[in-house]
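Q: Residues per chain, in single letters:
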Amino acid sequence: MKSRKSKLFGAIAIAASIALTATGCSSDEGSNASGQVEVFSWWTGGGEEAGLNALVEVFNQEYPDVEFVNAAVAGGAGTNARAVLATRLQAGEAPDSFQGHAGAELMDYITAGQLEDLSFLYDEEGWRDVMPATLLPLITVDGKIYSVPVNIHRANVMWANPKVLADNGITMPGSWDEFFAAADKLKAAGVTPLALGEQWTQLHLFETVLLGVLGTDAYNGLWDGSTGWDSAEVKGALDTFKKVLTYTNSDAASLSWQDASKLVIDGKAAFNIMGDWAEGYFRVDNSLVEQEGYTWAPAPGTAGTFQFLSDSFTLPVGAKNRDAAIAWLKVAGSAAGQDAFNVKKGSIPARNDADKAIYPPYLQSAMDDWGSNKIAGSLTHGVTASNAWKAEIDTALGLFLQNKDVAKFQAALATAATNAGK
Amino acid sequence: MKRAKDWMPGLLLTAPSLIALAVFVYGFIGWNFRISLTDWKALSPDFNFVGLKNYRDLLIDERFKIDIKNSLIFTVVFMVACLLLGLLLAILLDQKMKFEGLFRSVYLLPMAISFIVTGVVWRWLMNPATDDRISGINLLFTKVGLDPLVNQWHLTPNWGMAGIALPAVWQMAGYTMALFLAGIRSIPEEIREAARVDGASEWRIYRHVILPQLRPIALSAIVILGHISLKVFDLIIAIAGKQLALDVPAIYMWQTSFDAYNFGKGATLATYILFSVAIVIIPYLFFTMRQERKS
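Order-wise, the sequence lines are chains A and B.
Each residue of the first sequence is one higher than the one before, counting from 13 in the working numbering.
Each residue of the second sequence is one higher than the one before, counting from 1417 in the working numbering.
In short, the hints are calculated from the structure, not lab data.
Quantities reported herein were computed from a predicted structural model and do not represent experimental measurements.
Hints are supplied without guarantee of correctness; some may be wrong.
Partner residues are not named here, just some residues of chain A that face chain B (Cβ under 7 angstroms, in silico) [what the hints assert, rightly or not]: (1) 95; (2) 124; (3) 128; (4) 263; (5) 266; (6) 270; (7) 399; (8) 400; (9) 403; (10) 410; (11) 411; (12) 414; (13) 415; (14) 417; (15) 419.
DMTMM-like, lysine to aspartate or glutamate: derived pairs with alpha carbons at most 25 angstroms apart [stated by the list, open to error]: (16) B:1457 with A:129; (17) B:1514 with B:1605; (18) A:274 with B:1547; (19) A:416 with A:245; (20) A:356 with A:271; (21) B:1485 with B:1675; (22) A:420 with B:1478; (23) A:416 with B:1473; (24) B:1658 with A:263; (25) A:247 with B:1477; (26) A:175 with B:1563; (27) A:247 with A:129; (28) A:255 with B:1547; (29) B:1457 with A:128; (30) A:420 with B:1473; (31) B:1658 with A:210; (32) B:1481 with A:417; (33) A:434 with B:1605; (34) A:197 with B:1547; (35) B:1485 with A:417; (36) A:280 with B:1563; (37) A:255 with A:417; (38) A:199 with B:1675; (39) B:1658 with A:417; (40) B:1647 with A:128.
Positions of the beta carbon are idealized from the N, C-alpha and C atoms, including for glycine.
Can you make the complete structure from the sequences, with help from the hints?
A: Now the structure itself:
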């Protein structure tokens, strides 16, 4: 009897304290954020999680009254997280802020009216001056900006094993033709020329081939409709892509991107094309030294172009803790927050006033390129095409991997562009 | 009034589950069908009625054709292998052997594992890498001198789905065995005795006495295995991820709904999956209902 009574009292006490914090929350709405902020992401492991934790640390220092609630859902590139998020948004249970790739991937949320315009933050915090002028137009929709980019990754990087290159007397190829010459040598020597992984890494390879063959302007034109998908140039790129595939490992479909990078590390393959998150895998996970264990160059034909993707945070309409969410976004966009996050995550800050000295050599070179290169967006990572368009391209690619029919592939890509209204 | 006393308590007791069924199964099937008639292509609902357009579009959809082919290969390999292996194991266990209980558990246990776990383990076992990176079953083959058997498993062009069916067979054959064994054991020993007295060999007893009596069991097994194979999703995701060579309608539905936010088309795919399962199950329901009425 007694224990039951005390349990009951305990329950009442808990209920009362919840009610108190709840009222405390609402009465505090003003300039000082407090209460909770629930942030949704797909950063659950490795450097990504470490980066998020570092960012949260900065946040906790600046806003000690706000409790950070991590609502991360595991799954690479957000494949699982997006399904969970869609359900929550439809149920009116939006998190206070969620991660999304900056660019066209957010369009679905924007057209559904689920995101708040954040232009006011850009004005208040002076971000328009510190975020690159090349980036802002790419994340601006009808004059409004709906997300705060925290980092920049580069997609068009070719990684290589320096020892394999030296043994076979080859250098980093500057074009796909140079690659084919080198690849023939490697093939004769019994080395897989290009390590490749599962289907999304093949889509990633496909976009770098498109960029390398078409050139930056024509590539960017694919996404606004000024370059026709049925043009002869695109056919040339598809033919090159088809040829590139013949120089890859036969078990690609069963490998993750890390498995593919590992083939390069182990000297079983010479090259691999992957975004620069692979750099952390080489340097941290495998304790390699740059230029000894691994080396890099822009993917063939893409020197002078920085094909980027960016993780960003948003403010959903109807966020329960709007003030705390805005506080979170301010930290995410601040120099201190971005430096803390990116050193751990292995990416460069979206801001151009970062403390360059604290970054490892690869990232320093990436910062130089980000400041000086032409900019193109990544398809695989949500910058250039809406989710629906990307899914159609992915299906067309999947069919092509089956039948290797370039004409059919091109027709399917052209149809996909038409369906997307380009 | 007296009658109400008879059926009221029963109805009241089953009402909660009936209501839950009506809402969460049949209600949602109806809702899904309604969405399949719209061109809802965004995050926010859009109930713009387009009739059967989604259904017609899918019939000429190249990816959907691959899905149907893959589903058929998987279903045939999975069902035939499970039934034959299950029957064989059941007959072997029926030989009044020692440690029968132990063997029964050993063969049945894989069923207790989820398809995801099975998939992860078999992903390693069926590693298609060759030469110096060879591993898994292929490595075993080379070690025992069976090199010609080394193959690409689920990455075999055109027939990869047969490779995916192997882990599913490993998982469900024991269950099929348990079904058949129960069936064999339910046949009275006297019938076998009578056959033996008539001079029938053991082979003929199985062929002409036992097998015909297992027909209803085989039918149940086909229905149970059939609906598993038509809905297979997690096993493929665990082994192969999302790639078109090993695509099935369930994966297509997932990608269409949650990667591309095309809920109208996703709901149409779901309805097609429901139809395919119904084709297997409804004749079975009719059959069993007729059987019950007879007895």
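Q: Quick check: which numbered hints come out false for this structure?
A: Of the numbered hints, 3, 6, 13, 14, 15, 26, 27, 33, 38, 40 do not hold.
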